[in-house]
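Protein chains in written order, with the working numbering: chain U, 1 to 242; chain E, 1 to 220; chain A, 1 to 226.
No lab work stands behind these hints, which were simulated from the structure alone. The structure displayed is predicted, hence computed values, not measured ones. By construction, the Cβ of each residue, glycine as well, lies at the ideal position given by its N, Cα and C atoms. Just so you know, not all the hints are guaranteed correct.
Unchecked claim - Cross-link-like lysine to any residue pairs, in silico, SDA-like; alpha carbons within 20 Å at most:
hint, chain 1, residue 1, chain 2, residue 2
1, E, K12, E, R179
2, E, K12, E, L22
3, U, K108, A, A139
4, U, K108, A, F143
Stated by the list, open to error - Every beta carbon over 12 Å from chain A, so not counted as near; a handful from chain U, in silico:
hint, residue
5, S36
6, G37
7, R103
8, L176
9, Q217
Chain by chain, the residues:
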Amino acid sequence: MIEAIGLHKHFGALHVLKGVDLRVADRELVFVIGPSGSGKSTLLRCLNRLETPDAGSIVVDGIDLMHRRTDLNAARRRIGMVFQGFNLYPHMTALGNVTLALRKVAGKGRAEAEALGLAALERVGLRDRAGHTPGQLSGGQQQRVAIARAIALEPRVMLFDEPTSALDPELVGSVLAVMRELREDGMTMVVVSHEMGFARAAADRVVFMDHGQIVEQGPPAAIFEAPQEARTQAFIGQIQRH
Amino acid sequence: MLDTFFNVEIMKAAWPILLAGLGNTLLLSVTVVPLGLLGGLMLALLARLHSPWVRWPLMAWVDFFRAFPPLVLLILLYAGLPFIGIELGGFGCVAIAFFLNTGAYYGEILRAGIDSVPTGQTEAARSTGLSASQTMAWVVLPQAVRNVLPDLMSNTLEVVKLTALGSVVAMPELLFQARQAQSLTYNPTPIVVAALVYFALLWPLVRLLSRLENRALRAG
Amino acid sequence: MTGWERFLDTFFNAKVMAKYWPDILHGMWVTIELAMLVVVTGIASGLALALLRAAGIRPLNWLMIFVVDALRALPPLVIIVLIYFGLPSAGLTPSGFVSTWAALALVLMAFSEEIFWAGITAVPRGQWEAARSTGLSYAQALFHVVLPQALRLTIPPLTSRTIAITKGTALGSVVAVSEILGQASSAVSNSYNPSPLILGAAAYLVLFIPVVVAGRWVETRFAWKK
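Next comes chain U alone, as it looks inside the complex (with noise of 0.2 Å):
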């Protein structure tokens, strides 16, 4: 479903990313960690493009965006991303967050677009949340519409960037039970996050990045209980004292 090769990423001096590899297969979810600062936001936002990678090639569900010609926008459609900090757009209705892409991207109409907006929010458990702006609903209720905002497009992978960061522990599960469903579902996902216990759960695979190289990668047991590499240990190490 994704196959990016050989990516390298400059901001000015700092080298993010040092020729990263990373394929992911049909309804797989990989689960990337590492300390910040390792370049994996960086690697997921290369995913959709919204950093351009120096060198590399990056195929997503056969399109190539690194192609000169490609649609971007077409493309992003197919690639649904969630933010650490929703990003929802305070102006507009939960609905109207969900459907602005629906009718002005995929060019449906206001009552299709409706329709499938009500729908995701109802995915997510919000439907009854429809009419109320960002600005009145929770964290985890933010983040859970800004989930439904990218899978009303019917997306064919999902990259979530740190998406329980900014709540509040006891918001946090209420987004995690949406993207289990996902998973269930047989959404292909790539998430950052820091939340170890649902990368045990729901993870096939979780990666290991540090200074912007993936150093180790595998089924979460053996990343979790056997890691290989001495970083691997001592960021494991690290975490799991907390």
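For chain U, the structure is supplied; the task is to place chains E and A on it using the hints.
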């Protein structure tokens, strides 16, 4: 074209006249800016008295002068007062009109600045034994001014630009001198030069303000 | 005649006022016309410039910043005089009305461009990213997501700036525009009595007090911080 708008001969001839005008513009500015600030400070401090007997008249006063074009105020003083035997002259009229007009603007800005200082600051100062006026002078006002510095500077820019109104009441400031020179030479070069002088004088302030405003909006 | 009666007779002379109020009324219409033109063209062109600036064409943006700076640094009266007395030497003879309109619209354009641009850059980057991540184009993200939020931020500063510049219509009297102040001034010199000025001042208050009060309401309604 160059001969019309940038005539070097005329520039040379008009330069001393314009320079005198610039001097008067600067003199006018350094008179009216402190006057306006003083008036504004008085209004802002009065607004601290939360009595409705003060607040409503104050708000009416401020809105009155915000609604009144400064030129109208100036003409009213300059052309109206002599009818009852009061001759203030151009400079006096400009000074009074600006005191009233820009004072209202400065007052609104300073009031917002004072409101932006948390009450905890006043409480802390009073708890150490400072009097109300000491607290205002040493604790609240410095923070208030810093919080609204871009607005104060922006208003000051407007005040300096407003001094061009002096030309209407025969104050020999920069614009007036330029128009005198223009009508003597039948050539617009002096006005063009005067515009360039205003630009050279105020551009640094405009640039600085533009940066500050962008930052303020982004933080808000 | 007591002092008070003399004062009333001088500044509130009923006979003079009765004679000249139609002139002042006519001046009010000219002022309203001029103000409307300035507000509509000034803000529309300011918004257009800000959107052009968002397109990010470097040399064009530098030119734009310079022109905007110049228009902010020059006193509006200087711009009016420059257009009215300067352009005839270049073969163009704009009327006083056109000169005043053009000058004030340019000034409002410059200020509103700055305000709109500041508003656009104040919208968090995440809003752009979220919009683009769902497949919206740059222009769609700008118009549907960023601009509505930016406009909300810009309403308070734009309102007070627009009021301040619109009051500048009185400057038209300097270049023989027969707006309120122009009418009042000529009435004073015709009647040797300052009552028309008082009438003119009242006319300004009638026009602008509602605007200032409405502006105060708008400023609190759309206050800076949410």
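Verification of the hints:
Under the criterion of a C-alpha separation no larger than 20 Å, the hint pairing K12 (chain E) with R179 (chain E) is consistent with the structure, at around 16 Å. Among the hinted pairs, K12 (chain E) with L22 (chain E) is consistent with the structure: their alpha-carbon atoms are about 15 Å apart, no more than 20 Å. This hinted pair checks out: K108 (chain U) and A139 (chain A) have alpha carbons roughly 19 Å apart, not beyond 20 Å. A threshold of 20 Å between alpha carbons decides the hint, and for K108 (chain U) with F143 (chain A) the separation of about 18 Å falls inside it, so the pair holds.
Residue-level check passed: S36 (chain U) sits 18 Å from the nearest beta carbon of chain A, beyond 12 Å. Interface exclusion of G37 (chain U) from chain A stands, the closest Cβ pair being 19 Å apart, more than 12 Å. For R103 (chain U), the non-interface assignment is contradicted: its Cβ lies about 9 Å from the closest Cβ of chain A, within the 12 Å cut-off. For L176 (chain U), the shortest C-beta to C-beta distance to chain A comes to about 21 Å, beyond the 12 Å cut-off, and the non-interface label holds.
The Cβ of Q217 (chain U) lies farther than 12 Å from every Cβ of chain A, with a closest approach of about 25 Å, so its non-interface assignment holds.
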